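Sequence order for the protein chains is P and H.
For the first sequence, full-length UniProt numbering assigns the number 168 to the last residue and increments by one with no breaks.
For the second sequence, full-length UniProt numbering assigns the number 495 to the last residue and increments by one with no breaks.
No lab work stands behind these hints, which were simulated from the structure alone.
Bear in mind that the values here come from a model prediction, so they are computed numbers and not experimental data.
Ideal placement from N, C-alpha and C gives every residue a C-beta, glycine not left out.
Each hint should be verified, as a subset may be incorrect.
[Said to hold, decoys possible] Chain H is faced by these chain P residues, among others (derived, beta-carbon under 10 Å):
| no. | residue |
| --- | --- |
| 1 | Leu58 |
| 2 | Ala60 |
| 3 | Ala62 |
| 4 | Asp82 |
| 5 | Asp86 |
| 6 | Ala98 |
| 7 | Leu120 |
| 8 | His132 |
| 9 | Leu143 |
| 10 | Val157 |
[Claimed, not checked] To list a few chain P residues with every Cβ distance to chain H over 12 Å, as calculated:
| no. | residue |
| --- | --- |
| 11 | Gly3 |
| 12 | Gly4 |
| 13 | Ala5 |
| 14 | Arg6 |
| 15 | Ala7 |
| 16 | Trp8 |
| 17 | Leu9 |
| 18 | Ala134 |
| 19 | Pro163 |
| 20 | Leu164 |
| 21 | Met165 |
| 22 | Gly166 |
Each chain, written out:
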Amino acid sequence: MTGGARAWLRAHSELGVSALLLLLGVLVLTDALTLDVDVAARGPVGPATVPLVVGCGLLAVAVLLAADVLHGGRGEAEGGEDVDLDAPADWRTVLLLAGSFLGFAVLIGPLGFPVSGALLFWAAAYVLGSRHPARDPLIAAVLSLLTYGVFDRLLGVPLPGGPLMGVL
Amino acid sequence: MESLTSLMDGFGTALTPVNLLWAAVGVLLGTAIGVLPGIGPAMAVALLLPVTYGLEPTGAFIMFAGIYYGAMFGGSTTSILLNTPGESAAVVAAMEGHPMAKAGRGAQALAAAAIGHFTGGMIGTLLLVALAPVVAALAVDIGAPDYLALMVLAFIAVTSVLGSSRIRGVASLLIGLTIGLVGLDQLTGQQRLTFGSLQLADGIDVVIVAVGLFAIGEALWVAAHLRRTSGRPLPVGRPWLAREDVRRTWKPWLRGPFIGFPFGAIPAGGAEIPTFLAYVTEKRLSKHRDEFGKGAIEGVAGPESAASASAAGTLVSMLTLGLPTTAVAAVMLAAFQQYGIQPGPLLFEREPELVWGLIASLFVGMVLLLALNLPLAPVWAKLLRIPRPYLYAGILFFAAVGAYAVGGEALDLVVLLIVGLLGLGMRRYGLPVLPAVIGVILGPAAEQQLRRALQISDGSLTGLVNTPFSVTVYAVVLLLLGWPLLRKAVARRAS
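Bound conformation, chain H alone (with noise of 0.2 Å):
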């Protein structure tokens, strides 16, 4: 019940003129964004990064997450016209809505995503209201052994779960490591891989870490391999639904949410692996089968429903544990701590405000995305047509705007161009980038809570593991790492 009223207090911040100015320039931003190709959602909230610089919490949070919710929305609709997925979260969307397009159903399919979208979202946003506070009271008295308990797990998590190769996850999350070393020691104001530079003595910023990763790395990547001749997106008119399209899709609107919500909320479970979970779900339950691979709307709409619930689900453990579970969550994280902002347990009590306006803004914001898309669809999927060479010299203007804005300084424009050579790199190799942002995002903050748990024990380990919360996050830790094995195994018997 106390939710309820903190989140009519939220609608309060959240409807107030300016904040639902935010929001709509949010998700218009976010959709463009997420029909753009080659822009993802992570790199879109990097790229913005800078406006913290001028705005006040708020209002920037609350475009955040339009961009997070409006990138999805968008997103399907370049999966579903151009069949070139930019999201792995979009994979599925294009198996089944890019058949409809060509079969001249692409009207169908773009409101089966943009309806499953919104309802995943409201879902999914519901879920959020009604569990969030429960999480951060039951972890609002965890101390320093339990919040770097979760730290490690996030580490494990996004180097073992994601990607196909956990060595070169691994060394993605030490590079992001050592990066975030760099500086003064929190604690001793020691300099460490400074080598006597007063520019290195305040560390490598975040923003130009996640910029130059997501942004840099990303244009000069694709400026390495850029694909002369462009798809050509199918022609589409307004959407809409007959029906019977109705009929078959309003059970995968409801399912999905409940397969893409808990996923969201685990630590590296972002939204690839509950969409394949709901296309799988609905290919069982679809009483035309034969109709999947062709063009079925159930594989639509399910899958981008349990999409958005993911991104819902990635607020709950953003919010009240201050886990990053996916890149946009990391580089939402980072924008949080530009304010000043720990978010964690206590965020709700120290930030009411903050929170549930957020939170109001993602109901707020759904219902803007749903009359933006549905309308607008053919206006949006004209961004596909936009020259190749605009959109990546775009991406690495705005990226210089925002390692400039960090500092006003010309030499962090050179360790942008050095970093985003790293990412350039780290894809060319196939080295996840996801791990090394977390890396420097949470890496400093584990020192920290490292440290604070061994010296409140006195520098005995077991301080590291005094609390049943502890140890069962590194009972999840364990599970992780020996998840391999244990197939194998299973695997072994089976046979």
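Chain P on its own, in the form it takes in the complex (with noise of 0.2 Å):
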């Protein structure tokens, strides 16, 4: 690919959101044409109609915002207090986070709450920029173990608690 087409591409990225719609389109339309209408039909209108619709409407969005996007259109990115938008945007930092997000996720059944939920701040907030080799996973416990305590004890709502709650 060349410099100049590389660009083009980066400049119009938002097309990206437009296939999104046109596939989230196509899969709606799909889904509601495959039902089995006949056999549930209650009333004019059946469960098909109004996936018919929103997958219409989702392709002809697709479309109009594919043209907006080539006429020059932009989305606005979204400002906020600590938000600074001249600097590139930090990708990895976002992967990481996701990544000690599905970490949590696969550890709160084997370890239990307080210690993936502590194992996730820690692990957010060193991916974030704090360095505190003692403060950081201190707070981090703290937190977790309150959370749990508030959640399964005080408002009924249950956490596992895992081995560590076991022990204690």
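Need the complex rebuilt from these two chains, each delivered in its own frame; the hints are there to steer you.
As structure tokens, then:
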């Protein structure tokens, strides 16, 4: 690919949104058309009608958005108190955060909430740039135990205690 | 008169020790969350949705209402001292409040904002007491076509009034509607978009969508663009006002609510437009017009009062019609659904204790907030120094707790992450998040009303427009849709 083409694609990366909408539309339409409507039809409007409308809407929006992007339209990235839009996007941090989150999903079963929750907070704080070897894990542990206590014991929302709570 | 008696009963509910405790917890959490940069009230309420699994509804909604108002109070502290408004409603507060803080008048700016919120909230809630039962009584006979029309209005309004690009708003709405379709069809039990998965047959829980879009999406988006050097908040003392300040602010405080309240009540009104209108009004009426832009106290008082009143207006349409007009109201509606309660005209008949307890608790919360905010402002301001890694790690942590509490399944965490990545992409490409959330929450209900209406009319499309109410609402929808064309035509004639 030539440099010019790559730059063009980067400037028009919003076309990817359009493609995703298109894909979603096709998915919704296929699902709606393969529904077994006759068996379950009750009343004039069956279970497939609204999905068909939504699917067609997705296709239409995908095309309109692509047209808008090609005519120079741009979605404005959202600002915020801690958001610096002038700096280039730091996708590595995002990936590491997503990874920590997945790790939590895997570990909550075997380790229980207090341990896996503390690990999630610690890992996320580290990825986001906190470098206090003592303070970080301490805050993580206290926060996780407190949350476990409030939710599991006080509010009656069950969280798995895991082996640690079995010992204590 | 009748609503006054109901309100008194409501105070009976709100002033029980337990509910008073929830109100206090709500306003404390709300103020903290409002002051904390990066967390808006919608994210706060979304993160707290899991408490609905353990609390009875009255206590939960009293707490949510406290958070809503508290976050508004706290939000102005951030904009005045840090000049970086996190919420669009607080942008105006920064325009005059921050210059005041720079000139050493931060204490006065905070006081003008806090008392403004108090007056606006009080007047707004009084209007809510007066109006809500009337609206509910008018709307009590409305049927399926009318409900459908209202939901269509909500869809159109959030996509075309808010945000800079209609097409992106519609895209977001359709994404939300698609997520709402996943699961078993409510009328026939057919599987839609489940791809044979048992977990998906139950649908994607609204809590997961709200937490994913508002909390995970936001945290990841900020992580991608984290400002390495956060702005330094200006130091501030205890808020107070001199007599001259009071002379300049009492009229703006009283004017604000009458701009804020109506805008809060209409779909997609929100607080942005009324705060801006209140600002422009005060600028025009002020005797100190030259001070505007350099720290005019009227420019803080009026808009802040309008912002709180618009929150009360939001509650009118949410409680009486089941129509969420802001992100917070949308998440609160999701909380109602968690309890199996349908907000709408019948809510006042079926759940009087809940509704009036909630409304009475707004008055209680307002008094608590004023008491908390005036003397403690310097303490709250310390929250602005929280290290950002802890703040955003904490958001991820509580989002994980919330999603896991839904069903105790690790798979929900994966779904949450996917929805969060969707929210990240939406923020990157300027798709507003609110239409998607409204689509998930109202979509299934709208489909049910549509099918019910067409069942009654035996499939004839006229069944959708056979009441004066629905025709009126569709007329408003058409007006909204045609507005850009209309405006263009007017502009052409003028030029």
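Results of checking the hints against the structure:
no.	hint	in the structure
1	Leu58	holds (5 Å)
2	Ala60	holds (9 Å)
3	Ala62	holds (8 Å)
4	Asp82	holds (5 Å)
5	Asp86	holds (9 Å)
6	Ala98	holds (6 Å)
7	Leu120	holds (6 Å)
8	His132	holds (9 Å)
9	Leu143	holds (7 Å)
10	Val157	holds (5 Å)
11	Gly3	holds (24 Å)
12	Gly4	holds (23 Å)
13	Ala5	holds (21 Å)
14	Arg6	holds (19 Å)
15	Ala7	holds (18 Å)
16	Trp8	holds (17 Å)
17	Leu9	holds (15 Å)
18	Ala134	holds (14 Å)
19	Pro163	holds (17 Å)
20	Leu164	holds (17 Å)
21	Met165	holds (15 Å)
22	Gly166	holds (18 Å)
Every hint, counting from the list given before, is met by this structure.
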